[in-house]
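Q: So you can see what is in the structure, the chains are spelled out below.
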Amino acid sequence: MTKKSVWLSGPYLAWIVGFIVLPLLTILYYGLTDTEGGLTLGNVIGAVADPLNIKALGLTLLLATLATVICLGLAYPLALCLTKLKMKKKSFFIFLFILPMWMNFMLQMVAINTILEDNGVINAVLTFIGLPKLHIANTFGAVLIGMVYDYFPFMLLPVYNAVSRIDGDLINASKDLGANSFKTFLYVSFPLSLPGVISGITMVFIPAVSDFAIAQMLGGGKIQLIGNIVEMNFTKGQYHTGSGLALILMAFVMLSSLLTKDGAENEGGGMIVS
Amino acid sequence: MKTLFSGLRKTYIGLILALLYSPVVLMIVLSFSESKTKWTGFSLVKYQALFQNERVMDAFITSILLALLSAAVATVLGTVACIGLLAMKKRLRSTVNAVANIPLLNADIVTGFSLMLFFAAIVGRMSHATLFISHVTLVLPYVVLNVYPKLCQFDRSIYDAALDLGASPVQAFFKVLLPDVFPGLLTGFLLALTISMDDFTITYFTKGRGLDTLSTYIYNTYHIKGILPEYYALATILFVGVLLMILLIQAINVRSAARGVSAKAQGTK
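Quick note, the sequences are listed as chains A and B, same order. Residues 2 to 275 in my numbering are what the first sequence lists, from first letter to last. Residues 16 to 284 in my numbering are what the second sequence lists, from first letter to last.
Simulated from the structure, these hints should not be mistaken for lab results. For glycine and all other residues, C-beta sits at the position ideal for the given N, C-alpha and C. Hints are not guaranteed to be accurate.
Result set (DSBU-like, lysine-lysine): computed pairs, CA atoms no more than 30 Å apart in a straight line [said to hold, decoys possible]:
1. K165/B - K105/B
2. K87/A - K176/A
3. K91/A - K184/A
4. K53/B - K134/A
5. K190/B - K89/A
6. K25/B - K87/A
7. K237/A - K56/A
8. K240/B - K237/A
9. K51/B - K223/A
10. K176/A - K85/A
11. K90/A - K190/B
12. K176/A - K90/A
13. K134/A - K223/A
14. K184/A - K87/A
15. K240/B - K134/A
16. K91/A - K104/B
17. K25/B - K85/A
18. K240/B - K223/A
19. K25/B - K176/A
20. K104/B - K190/B
21. K89/A - K25/B
22. K90/A - K184/A
23. K134/A - K51/B
24. K165/B - K91/A
25. K223/A - K56/A
In silico negatives: residues of chain B with every beta carbon more than 10 Å from chain A [as the list claims (entries may be wrong)]:
26. E69
27. A87
28. V185
29. F197
Pulled out of the complex, with its shape left as it was, chain A reads as follows (with noise of 0.2 Å):
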């Protein structure tokens, strides 16, 4: 508890350096050369150069967009319905909404299937009402409900805190002041929810962008995706190719970041239940 009890934090910061700086190092080193120890650019412009790999990037885009609006978009209401809920009863289904999300992962991928399935219950379901068949699993839709389905709490938790900590009289300020529900939305409620929305954001869409479980799990093997794609150089220990791929990935984590800096900082602990 004295000035030399900095020294406590010794093991940590070796820890820190070894295990976390000098990885990103050794990635950036890879990315950077080639086979010979030769430096070069061309494990990065190999990466958005090959066809094959711009196909795979434009679907993780599409793919991570569509997750995110989808998210927010349902997360959004749900923030502002909680809100209303009687005290004690809010952090009781703060709790219902994030406790699935601690079901193990690989689960979570096999219990969707089982109601995808070509003969799940979904097409259960279907068949049992008189409609055809529908399907969904190992296709694009599947990967998607796939992504929806667990990075929701990420979206939830910091856009509910920050909705849940809007100031009522400012509200009620807003309609003395004539404007009408919508307007106080608007103009109000919304801008002062943004850090959260913002936070919610870079919380799933730095995730799905780079998944490659998800796209296997439920894509079958037909969703390539870029995460799918550094998967597939490592397993072949094709690891410049690799790491080159996953500095752009790298890129769009830091540019996300750093767009969302200011909302971040208020709202990082989002992910954590206490």
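Fit chain B to the known structure of chain A by using the hints.
A: Just chain B, lined up with the frame of chain A:
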């Protein structure tokens, strides 16, 4: 008009909850059915199959042991680090925190890939040790984020009083400081446990050949074996386990908050 809105709100909350819980409820209900995809009466065959499937049980046990071990090490390392961080100059501390929180912000695939490359460069191949180190790295920020705020709330004069009354710094640490920050420590530990159990991506890149956690086992065998009946039973057990754990975390937080309030009330008397 007002009741209409309130009704709509409740319907919307109910609808999202139904969507969110349908996979979970389905797994739990079907885990007690004999048939794989239909309800054919109560049966425990899936649980029996789970306990007899050595490979799935091995992977499950590996997941639990890895989570316990990495959470324990991260809790000790993180708690000791927090005391050091508290004594640190503010600017240095915020730099350290920014770097330490990179794994929270960064994409898991980049974290996993970079750790794998680093280990490949220094030790050649992945092993139990590389997996363990990676998990500690993954969960360490969660411990620090839970312990540090509690440590900031700790009243230093109590620690100094213990020293004045003749306690050694080590005694003062274990008898005065530790009990006070214990709720934060326990929350951090339990959170670390669940994060480690749930991880797939980082495990996938840093595990040694032949070793599987539950997540990587399901992933690696899914395209050959598909959905095993065992998974229904496993999902139920895990869901109930996590539910109990979160209730425990909440109970600890409520108790420590109540204690804080009563301590303050006593102080004002």
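Q: Could you run down the list of hints and mark each one as holding or not?
A: Evaluation of the provided hints:
Between K165/B and K105/B the alpha-carbon distance is near 17 Å, which keeps this suggested pair within the 30 Å criterion. A threshold of 30 Å between alpha carbons decides the hint, and for K87/A with K176/A the separation of about 22 Å falls inside it, so the pair holds. Restraint check for K91/A and K184/A: satisfied, since their Cα atoms lie roughly 26 Å apart, inside the 30 Å limit. Restraint check for K53/B and K134/A: the C-alpha separation of about 18 Å stays at or below 30 Å, so the hint holds.
For the hint linking K190/B to K89/A, the alpha-carbon distance of about 36 Å lies beyond 30 Å, and the restraint is violated. A C-alpha spacing of about 12 Å is found between K25/B and K87/A, which places the hinted pair at or below 30 Å, so the restraint holds. With a CA separation close to 21 Å, the supplied pair K237/A and K56/A stays within the 30 Å bound. The straight-line distance between the Cα atoms of K240/B and K237/A is roughly 23 Å, inside the 30 Å bound, and the hint therefore holds.
With a C-alpha separation of about 26 Å, the suggested pair K51/B and K223/A falls inside the 30 Å cut-off, and the hint holds. For the proposed pair K176/A and K85/A, the alpha carbon gap of about 18 Å is at most 30 Å, so the pair holds. Of the supplied pair hints, the one linking K90/A and K190/B is violated, its CA atoms being roughly 38 Å apart against a limit of 30 Å. Proposed proximity of K176/A and K90/A is supported: the alpha carbons are some 27 Å apart, at most 30 Å.
About 20 Å separates the Cα atoms of K134/A and K223/A, which keeps this hinted pair within 30 Å; it holds. Only pairs whose Cα atoms come within 30 Å are accepted, and K184/A paired with K87/A is accepted, the gap being roughly 25 Å. With a CA separation close to 24 Å, the supplied pair K240/B and K134/A stays within the 30 Å bound. For a cut-off of 30 Å, the pair hint linking K91/A to K104/B is broken: about 39 Å separates their Cα positions.
Restraint check for K25/B and K85/A: satisfied, since their Cα atoms lie roughly 10 Å apart, inside the 30 Å limit. Between the alpha carbons of K240/B and K223/A the distance comes to roughly 18 Å, so the proposed pair stays at or under 30 Å and holds. For a cut-off of 30 Å, the pair hint linking K25/B to K176/A stands: about 25 Å separates their Cα positions. Restraint check for K104/B and K190/B: the C-alpha separation of about 27 Å stays at or below 30 Å, so the hint holds.
Among the hinted pairs, K89/A with K25/B is consistent with the structure: their alpha-carbon atoms are about 16 Å apart, no more than 30 Å. Distance restraint check for K90/A and K184/A: the Cα-Cα separation of roughly 29 Å lies within the 30 Å cut-off, and the hinted pair is therefore satisfied. Only pairs whose Cα atoms come within 30 Å are accepted, and K134/A paired with K51/B is accepted, the gap being roughly 20 Å. Among the hinted pairs, K165/B with K91/A is consistent with the structure: their alpha-carbon atoms are about 25 Å apart, no more than 30 Å.
Between K223/A and K56/A the alpha-carbon distance is near 13 Å, which keeps this suggested pair within the 30 Å criterion. With a closest Cβ-Cβ approach of about 19 Å to chain A, E69/B is found to remain outside the 10 Å limit, as its non-interface label requires. Taking the minimum C-beta to C-beta distance to chain A, about 15 Å, the non-interface status of A87/B holds against the 10 Å cut. Taking the minimum C-beta to C-beta distance to chain A, about 12 Å, the non-interface status of V185/B holds against the 10 Å cut.
Every Cβ of chain A is farther than 10 Å from the Cβ of F197/B; the closest lies at roughly 14 Å, confirming the non-interface assignment.
Hints 5, 11 and 16 from the earlier list are contradicted by this structure; the remaining hints agree with it.
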